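Asks: In the order they appear, the protein sequences are chains A and B. Under our numbering, the first residue of the first sequence carries the number 268, and numbering increases by one thereafter. Under our numbering, the first residue of the second sequence carries the number 268, and numbering increases by one thereafter.
Hints were generated in silico from the structure; no laboratory data involved. The model shown is predicted, which means the values in this text are computed figures rather than measured ones.
One copy or two, either will do: identical chains are not told apart, so a pair holds if it fits within one copy or between any two.
Capping the alpha-carbon separation at 25 Å, the derived lysine to aspartate or glutamate pairs in DMTMM-like fashion look like this: (1) Lys-511 <-> Asp-367; (2) Lys-333 <-> Glu-454; (3) Lys-511 <-> Asp-371; (4) Lys-365 <-> Glu-495; (5) Lys-486 <-> Glu-476.
Number of protein chains: 2
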Amino acid sequence: MNTKPTNVAARFAARGSVRVFSDKPLENNVLDNILAAASHAPTTGNMQLYSVVVSRRPEALGQLRKLHQGQPCVTGCQALLTFCADLRRFSRWCELRKADCGFDNAGGMMTAVVDATIFAQQFVAVAEECGLGTVYLGTVMYDLQGFRRQLELPEGVMPLFSIAVGYPAAQPQPSDRLPLEAVVHRESYADPSDADIEAFYAARESAPEAARFIAENNKETLAQVFAEVRYPRSVNMAVTEGLKDFLHF
Amino acid sequence: MNTKPTNVAARFAARGSVRVFSDKPLENNVLDNILAAASHAPTTGNMQLYSVVVSRRPEALGQLRKLHQGQPCVTGCQALLTFCADLRRFSRWCELRKADCGFDNAGGMMTAVVDATIFAQQFVAVAEECGLGTVYLGTVMYDLQGFRRQLELPEGVMPLFSIAVGYPAAQPQPSDRLPLEAVVHRESYADPSDADIEAFYAARESAPEAARFIAENNKETLAQVFAEVRYPRSVNMAVTEGLKDFLHF
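Start from the sequences, fold in the hints, and give me the full structure.
Replies: Put into structure tokens, the structure is as follows:
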């Protein structure tokens, strides 16, 4: 293993999400080894406030594809993993041991959301190092109750996102990212000027596909495609409503 | 690099958090290379709804240590990184480009929380592969407004947690974790029986330090130490109150 920082960084910088998978089988024991390794990711106070539901049966994947708005990778992957914030296991242990578990509120659920996401991303890191491809599907948030019913999640368990996994059909293309200075602040938050903001997004706005996205969606700017077509206010408001059932505000 | 799945998994399973760091300097360019690599982590719709504030100045670390309830690693590390859900950069771009950004609600903030946590954990994965040690500090949640002021975070930016980083003073010990069947469910959520729950926590309850924790805290069970001493209801309720300022419920 080459652990020279520049080489390690180059390896991680070259990653990309995979949406099309080969037929190569992913054995259960390989998947379990990766999940077990990922469970050594950091977790709040070693409480592991998360669960993952592994879906592999074709009928189940067919149902989940509908819930995921028809995305083809749901039935084209080797396994679909739905990561959940889970306050239930810990609180049931507390109940059995006469302890007052105080996580039944938004603070508790937010802790579990962070725990579950750390575990999920460590799963992705380990899986990708093993030559697997992955893609996050955020569409879970659009129908929390539908996923809850489909996966038979009990009270205290909130689905967050799915990750499709399998061997890549082709080498993934790394995505463009904002320049580092857009996301990293030194000592305190340096609120960017309008010119800074324009510079951060300049490469993305001048990329050939930007013009295509704008034309296809009949919009005037790339930001409108992101904010009004892909992630519109109506969807975010529906997500917000759905979250109320789980965050107990 | 050895990418045989069992070897990769063993490497990740052996990790542990590091709270004591050596004096070996962490150069700015090494840290920036790792952050840049981590920014290729998955992100919702390539929006990168996150920021990180890097604190290195001793005076700043002294202030942050107070906010982090005195934890010694804050001043003992080479750099303290505070990861934030950030809706501001994207929404300002939208404003400049006449796009209606609909993320100013709990749905938008939850998307940003997941984005920021994925980025943070990818930072940890890359840093650890480079031989660095890291530890998450969840204490940010206990005083969101204090961190907001200290780091000069504007509206739309929510601090989530800090990560202390540096070269480890000693090889970290891997933490025990629950058995895999406690966190992994096949096809649907298998709600455990009471006996299952007891089996999941049995090793932890019978470990030598469990008896010590119980005695030190004058409690009857290990679950009481976790739920009533370390993460009591009063703290979670205070976190819940603090979240309201950022989740806009």
